[in-house]
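Student: If you want the building blocks of each chain, they are given just below.
Number of protein chains: 2
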Amino acid sequence: MEYNDHTAEEINTVMEEAWKAFHIYRKCSLKQRAGFMRAIAKEIENLGDELLKVAGEETHLPEARLRNERTRTIYQLTSYADACEKGDWLEIRIDTGVADRTPPKPDIRKMLVPLGPVVVFGAANFPFAYSTAGGDTACALAAGCPVIVKAHPAHAHTSELVANAILKAAANSNMPAGIFAHIHGASFEVGKTLVEHPHSKAVGFTGSFSGGKQLFDWANQRKVPIPVFAEMSSINPVFLLPEKMKESAREVAKIYAGSITLGVGQFCTNPGLIIGMDNDDLEQFIQTLSEEIKMTAPADMLNPGIFKNYVEKRANALSQEEVETVVVAEGEPQFNQATPTIASATAAAFINNPLLHQEVFGPYSIIIKCKDSTEMLEVAKHLEGQLTATFMATPGDIRANEELSEAVKNTCGRFILNSVPTGVEVCLAMQHGGPFPATTDSRFSSVGPDGIKRFARPVAFQNWDDELLPDELKTKNPLGIWRMVNGEMSR
Amino acid sequence: MEYNDHTAEEINTVMEEAWKAFHIYRKCSLKQRAGFMRAIAKEIENLGDELLKVAGEETHLPEARLRNERTRTIYQLTSYADACEKGDWLEIRIDTGVADRTPPKPDIRKMLVPLGPVVVFGAANFPFAYSTAGGDTACALAAGCPVIVKAHPAHAHTSELVANAILKAAANSNMPAGIFAHIHGASFEVGKTLVEHPHSKAVGFTGSFSGGKQLFDWANQRKVPIPVFAEMSSINPVFLLPEKMKESAREVAKIYAGSITLGVGQFCTNPGLIIGMDNDDLEQFIQTLSEEIKMTAPADMLNPGIFKNYVEKRANALSQEEVETVVVAEGEPQFNQATPTIASATAAAFINNPLLHQEVFGPYSIIIKCKDSTEMLEVAKHLEGQLTATFMATPGDIRANEELSEAVKNTCGRFILNSVPTGVEVCLAMQHGGPFPATTDSRFSSVGPDGIKRFARPVAFQNWDDELLPDELKTKNPLGIWRMVNGEMSR
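Taken in sequence, the protein lines are chains A and B. If you're matching positions, the first sequence starts at 0 in numbering that gives the first Met the number 0 and goes up one per residue. If you're matching positions, the second sequence starts at 0 in numbering that gives the first Met the number 0 and goes up one per residue.
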């Protein structure tokens with residue numbers, strides 16, 4: 000299915016509508032917003048298998064994976080709706096006045112309010128969960144912001160189906176016109192026009208470093224800069240610590256063979272960097288990993304652009320001096336199929352070659368061999384910002400490597416022990432966002448209800464009469480929200 | 000007292016020291032950080048009247064004002080120390096694991112961790128409270144970040160005294176070398192070098208729009224961009240609503256005469272824009288305001304640069320077509336003394352002339368006369384981002400102007416009813432930060448303990464054994480911090 004790019008004029012009309020909708024939608028109660036979000040979830044369910052069929056054709060993702068992703072998307076919408084209504088994200092603080100202080104202490108009550116229309120860019124690798132009705136859209140709607148989605152051109156038809164479901168839910172929920180809009184655009188210009196429009200107040204993006212960085216630059220060069228939440232590149236380092244490896248090098252290898260090739264390696268949390276001590280245990284790990292990877296069949300990537308990128312970046316990495324190819328899957332790949340590959344290099348080579356720090360998006364990982372724990376620490380200190388980092392370690396390993404642990408914590412958003420980075424739980428405690436270049440703003444998460452806070456800012460009301468305040472801030476707390484009142488939590 | 004600019008080489012040494020200190024300081028307990036902050040407060044007290052004398056000479060601020068500001072600075076340090084120790088700002092969320100779910104639900108625990116060395120630029124108008132040991136420094140230290148202060152050249156000696164107090168407190172509290180550094184620099188280059196240094200991880204600034212915007216641009220153009228919290232320009236609109244004016248035009252005028260001229264108008268929350276209905280009540284307001292302003296003596300500004308700026312910007316505003324000079328204080332000003340001034344213009348003139356939206360830093364305010372409530376709403380819709388906005392209004396006024404109220408809320412960080420914007424209470428519910436150009440990041444506050452969060456980001460620990468977790472996240476909650484555990488607050 001082919002869609003024409005929206006013109007600048009059409010985009011302007013859409014943004015004007017969104018701006019009008021903002022003034023109505025931001026006054027909708029938390030309950031109304033949550034109702035709308037649940038209606039979207041329902042309409043997506045109502046699309047039935049047709050949605051899976053279209054998405055499968057556009058993304059080459061297997062049905063089971065798409066079914067799971069749809070479930071996740073619906074869970075995001077309904078659980079963020081619950082969180083929206085519960086209102087913890089409003090970060091309410093109330094400091095009541097003291098009339099007989101000199102000077103009198105004013106009554107001040109603070110809560111988050113929505114930023115305004117949010118532009119969301121669909122992600123290539125998550126046609127549901129990080130696209131049209133995905134995490135960014137759900138968070139923005141919960142915060143009280145209209146959403147304008149720029150469909151990912153590689154799954155524009157899927158996006159169109161979901162957009163129609165959202166519009167149907169909006170109509171059935173009596174939402175204002177302009178609360179949601181769907182924009183097509185294969186060209187650069189469409190994204191630029193959206194980000195630069197004066198009514199755009201924030202941007203959500205999941206994709207490549209070059210794409211995210213470009214949006215970030217446009218947003219900061221505006222007359223009025225706006226925040227960009229771009230999730231970009233991460234190689235998700237895994238540190239194999241010696242005692243753990245002595246205990247279970249083979250088991251660790253088997254778990255990681257699965258994680259590296261899961262979903263043809265097309266996850267932002269794919270473990271692309273494995274750091275171990277150059278010893279017999281690591282050799283055992285490599286041997287088992289190689290056996291597993293060798294047997295993993297090449298598989299379809301999302302689209303030819305991503306395939307081409309994988310082929311080139313992998314070839315480039317493998318062609319670097321001091322990089323050794325450890326194993327390549329044996330099956331014969333067809334066009335658009337990625338061949339799982341493991342490489343290795345010394346710590347010194349990794350530290351000195353910036354190219355080896357770059358993400359190779361797909362089923363590829365490089366093993367870094369360290370002479371000793373000092374070298375392992377050096378590798379950690381040279382890492383760029385990451386979404387995740389993982390320790391495969393015993394308690395003894397961790398106690399013996401405190402400095403390493405601190406250095407690694409300092410580079411990542413999520414720090415995993417004895418598990419794999421793939422699989423991002425949707426829950427309040429999740430942090431999906433790390434120091435640059437993993438994301439453009441490490442202070443926020445794009446997964447979990449805390450993601451709502453990306454699209455809101457605090458406003459303090461000073462000396463307002465109780466009956467004139469929003470319900471969220473009234474003394475009697477009619478909405479039953481957890482609030483910090485004079486330094487104590489209550490509801 | 001004259002100080003030489005620090006060289007790029009000296010700055011590099013300072014930043015390397017700060018980076019080393021970061022690795023030690025971030026592991027200090029909340030109690031240790033709080034202890035250090037209280038020690039700084041003590042050492043500032045110990046500077047005694049010498050500090051007030053030097054600051055008075057450098058800033059021309061009267062002793063009473065400086066005494067108050069010192070009290071406020073000490074209160075910030077000690078109350079943010081209390082908040083640091085209490086730990087609410089860590090935003091702890093714990094979602095415990097569920098082993099028998101398919102797949103098993105991991106245990107995830109999230110808390111804020113410090114960003115790294117923070118560069119703080121001293122403010123001209125607050126030699127204590129927003130300078131060397133001011134709000135930004137206190138927040139950064141609470142968050143676990145070393146601080147590098149760039150002294151404001153206009154009160155470099157004051158800054159030096161306070162810096163020495165901090166260094167003394169650091170030594171007495173066994174803080175790592177490099178936890179605090181003091182940099183002199185009258186040139187552009189010093190600020191640029193500081194912001195661009197790879198070890199700088201965030202910037203705090205209070206000052207002019209051009210200065211703040213420049214730091215913001217440098218920070219975003221780095222290879223690894225960093226957040227800048229710049230508080231820049233705000234004209235703090237005050238809306239005079241009709242019923243309130245009918246009741247008490249004269250009383251309102253008297254209150255505002257005081258607020259406009261408080262501290263020679265040199266507050267970021269100075270009410271520089273007053274919007275009213277063009278009727279007899281407004282004439283009465285203007286008459287009383289004029290009587291009060293006329294009798295207000297011209298007074299010393301902070302420094303000749305700010306004085307020159309006031310003279311020029313005021314002259315420029317008054318020379319605009321359609322701007323009428325309402326009243327100029329009668330006293331004869333000496334060099335460096337600002338003459339309080341009130342101007343007026345029509346709503347149409349204001350809407351069409353961007354120059355009238357610019358801050359005139361000093362005891363100056365412009366009254367905008369609206370024909371009707373539609374025009375008043377139009378003025379509100381044309382406002383840039385503001386630190387504060389104020390309604391002088393009865394409950395009836397507010398109910399009759401709901402759209403105005405929403406539009407105004409959408410432009411500001413703090414919304415005040417029937418009071419003045421000057422005087423920023425230091426408390427948790429305070430929001431001091433508004434949409435651009437008031438600040439570069441409206442999602443954070445630079446006043447109150449929530450300001451600590453500017454210098455931190457979340458990290459989630461997945462599947463860590465309880466005894467390996469930071470105390471803040473251990474199941475038994477040994478530090479007694481309010482935490483969100485499986486969706487419920489507890490401590």
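Just so you know, these hints were derived from the structure itself, not from any lab. Careful, some of the hints might be misleading.
[To be verified] Here are the simulated DSS-like pairs of lysine-lysine, each with C-alpha atoms no more than 27 Å apart in a straight line:
id : chain 1 : residue 1 : chain 2 : residue 2
1  : A       : Lys104    : B       : Lys104
2  : A       : Lys104    : B       : Lys85
3  : B       : Lys312    : A       : Lys222
4  : B       : Lys212    : A       : Lys191
5  : A       : Lys380    : B       : Lys222
6  : A       : Lys41     : B       : Lys104
7  : B       : Lys475    : A       : Lys212
8  : B       : Lys408    : A       : Lys222
9  : B       : Lys253    : A       : Lys85
10 : B       : Lys380    : A       : Lys408
11 : A       : Lys312    : B       : Lys104
12 : B       : Lys104    : B       : Lys245
13 : A       : Lys26     : B       : Lys380
14 : B       : Lys19     : A       : Lys222
15 : A       : Lys253    : B       : Lys222
16 : B       : Lys85     : A       : Lys473
17 : B       : Lys380    : A       : Lys380
18 : A       : Lys85     : B       : Lys26
19 : A       : Lys475    : B       : Lys245
20 : B       : Lys408    : A       : Lys85
21 : A       : Lys191    : B       : Lys222
22 : A       : Lys473    : B       : Lys408
23 : A       : Lys212    : B       : Lys212
24 : A       : Lys222    : B       : Lys191
25 : B       : Lys473    : A       : Lys19
26 : B       : Lys26     : A       : Lys408
27 : A       : Lys408    : B       : Lys245
28 : B       : Lys408    : B       : Lys212
29 : B       : Lys19     : A       : Lys380
30 : A       : Lys26     : A       : Lys52
31 : A       : Lys408    : B       : Lys473
32 : B       : Lys408    : A       : Lys475
33 : A       : Lys370    : B       : Lys85
34 : B       : Lys104    : A       : Lys85
[Unchecked claim] Take a look, some chain B residues computed to stay more than 10 Å from chain A by CB distance:
id : residue
35 : His59
36 : Asp87
37 : Lys104
38 : Asn219
39 : Arg249
40 : Gly304
All residues carry an ideal CB built from backbone N, CA and C; glycine is no exception.
Student: None of the hints should be skipped; say for each whether it holds.
Tutor: A quick look at each hint next to the structure:
Of the pairs offered as hints, the one joining Lys104 (chain A) and Lys104 (chain B) is violated, with about 47 Å between alpha carbons and a cut-off of 27 Å exceeded. As the CA atoms of Lys104 (chain A) and Lys85 (chain B) are separated by approximately 22 Å, the hinted pair is consistent with the 27 Å bound. For the given pair, Lys312 (chain B) sits about 21 Å from Lys222 (chain A) by alpha-carbon distance, which is consistent with the 27 Å threshold. Taking the CA atoms of Lys212 (chain B) and Lys191 (chain A), the gap is about 22 Å. The hint holds against a cut of 27 Å.
The suggested pairing of Lys380 (chain A) with Lys222 (chain B) holds, with an alpha-carbon distance near 17 Å, which does not exceed 27 Å. Between Lys41 (chain A) and Lys104 (chain B), the direct Cα distance comes to roughly 25 Å. Compliance with the 27 Å bound is thereby established for this hinted pair. A distance of roughly 42 Å separates the Cα atoms of Lys475 (chain B) and Lys212 (chain A); the hinted pair therefore is violated under the 27 Å criterion. A distance of roughly 21 Å separates the Cα atoms of Lys408 (chain B) and Lys222 (chain A); the hinted pair therefore holds under the 27 Å criterion.
Proximity of Lys253 (chain B) to Lys85 (chain A) is assessed by CA-CA distance (about 44 Å); at most 27 Å being required, the pair is judged violated. The straight-line distance between the Cα atoms of Lys380 (chain B) and Lys408 (chain A) is roughly 45 Å, outside the 27 Å bound, and the hint therefore fails. Restraint check for Lys312 (chain A) and Lys104 (chain B): the C-alpha separation of about 34 Å exceeds 27 Å, so the hint is violated. Our distance criterion of 27 Å between C-alpha atoms is broken by Lys104 (chain B) and Lys245 (chain B), whose separation comes to about 63 Å.
Our distance criterion of 27 Å between C-alpha atoms is met by Lys26 (chain A) and Lys380 (chain B), whose separation comes to about 17 Å. Of the pairs offered as hints, the one joining Lys19 (chain B) and Lys222 (chain A) is violated, with about 38 Å between alpha carbons and a cut-off of 27 Å exceeded. Taking the CA atoms of Lys253 (chain A) and Lys222 (chain B), the gap is near 37 Å; set against the 27 Å cutoff, the hint is violated. Taken as a hint, the Lys85 (chain B) and Lys473 (chain A) pair is honoured in the structure, with Cα atoms around 25 Å apart against an allowance of 27 Å.
A C-alpha spacing of about 49 Å is found between Lys380 (chain B) and Lys380 (chain A), which places the hinted pair above 27 Å, so the restraint is violated. Proposed proximity of Lys85 (chain A) and Lys26 (chain B) is contradicted: the alpha carbons are some 34 Å apart, above 27 Å. Restraint check for Lys475 (chain A) and Lys245 (chain B): not satisfied, since their Cα atoms lie roughly 32 Å apart, outside the 27 Å limit. Distance restraint check for Lys408 (chain B) and Lys85 (chain A): the Cα-Cα separation of roughly 23 Å lies within the 27 Å cut-off, and the hinted pair is therefore satisfied.
Restraint check for Lys191 (chain A) and Lys222 (chain B): satisfied, since their Cα atoms lie roughly 21 Å apart, inside the 27 Å limit. The suggested pairing of Lys473 (chain A) with Lys408 (chain B) holds, with an alpha-carbon distance near 17 Å, which does not exceed 27 Å. Taking the CA atoms of Lys212 (chain A) and Lys212 (chain B), the gap is near 20 Å; set against the 27 Å cutoff, the hint holds. For the hint pairing Lys222 (chain A) with Lys191 (chain B), the CA-to-CA distance comes to about 21 Å; that is within 27 Å, so the pair holds.
Only pairs whose Cα atoms come within 27 Å are accepted, and Lys473 (chain B) paired with Lys19 (chain A) is rejected, the gap being roughly 47 Å. Straight-line distance between C-alpha atoms of Lys26 (chain B) and Lys408 (chain A) comes to about 12 Å, which keeps the hinted pair within the 27 Å bound. Between Lys408 (chain A) and Lys245 (chain B), the direct Cα distance comes to roughly 61 Å. Violation of the 27 Å bound is thereby established for this hinted pair. Taking the CA atoms of Lys408 (chain B) and Lys212 (chain B), the gap is about 24 Å. The hint holds against a cut of 27 Å.
Of the pairs offered as hints, the one joining Lys19 (chain B) and Lys380 (chain A) holds, with about 12 Å between alpha carbons and a cut-off of 27 Å not exceeded. For the suggested pair Lys26 (chain A) and Lys52 (chain A), the alpha carbons sit about 38 Å apart, so the restraint of at most 27 Å is broken. With a CA separation close to 17 Å, the supplied pair Lys408 (chain A) and Lys473 (chain B) stays within the 27 Å bound. With a CA separation close to 23 Å, the supplied pair Lys408 (chain B) and Lys475 (chain A) stays within the 27 Å bound.
Restraint check: the Cα-Cα separation between Lys370 (chain A) and Lys85 (chain B) comes to about 43 Å, which exceeds 27 Å; the hinted pair is violated. Restraint check for Lys104 (chain B) and Lys85 (chain A): satisfied, since their Cα atoms lie roughly 22 Å apart, inside the 27 Å limit. Look at His59 (chain B): its CB is around 24 Å from the nearest CB on chain A, clear of 10 Å, so calling it non-interface holds up. With a least CB separation of 7 Å from chain A, Asp87 (chain B) falls inside the 10 Å interface cut-off, contrary to its annotation.
Its closest Cβ contact with chain A, about 7 Å, brings Lys104 (chain B) to no more than 10 Å, contrary to its assignment away from the interface. A beta-carbon of chain A comes within 10 Å of the beta-carbon of Asn219 (chain B); the shortest separation is about 5 Å. Every C-beta of chain A lies more than 10 Å from that of Arg249 (chain B), the closest at about 20 Å, which supports listing it as non-interface. In this structure Gly304 (chain B) is separated from chain A by more than 10 Å, as the shortest Cβ-Cβ distance comes to about 26 Å.
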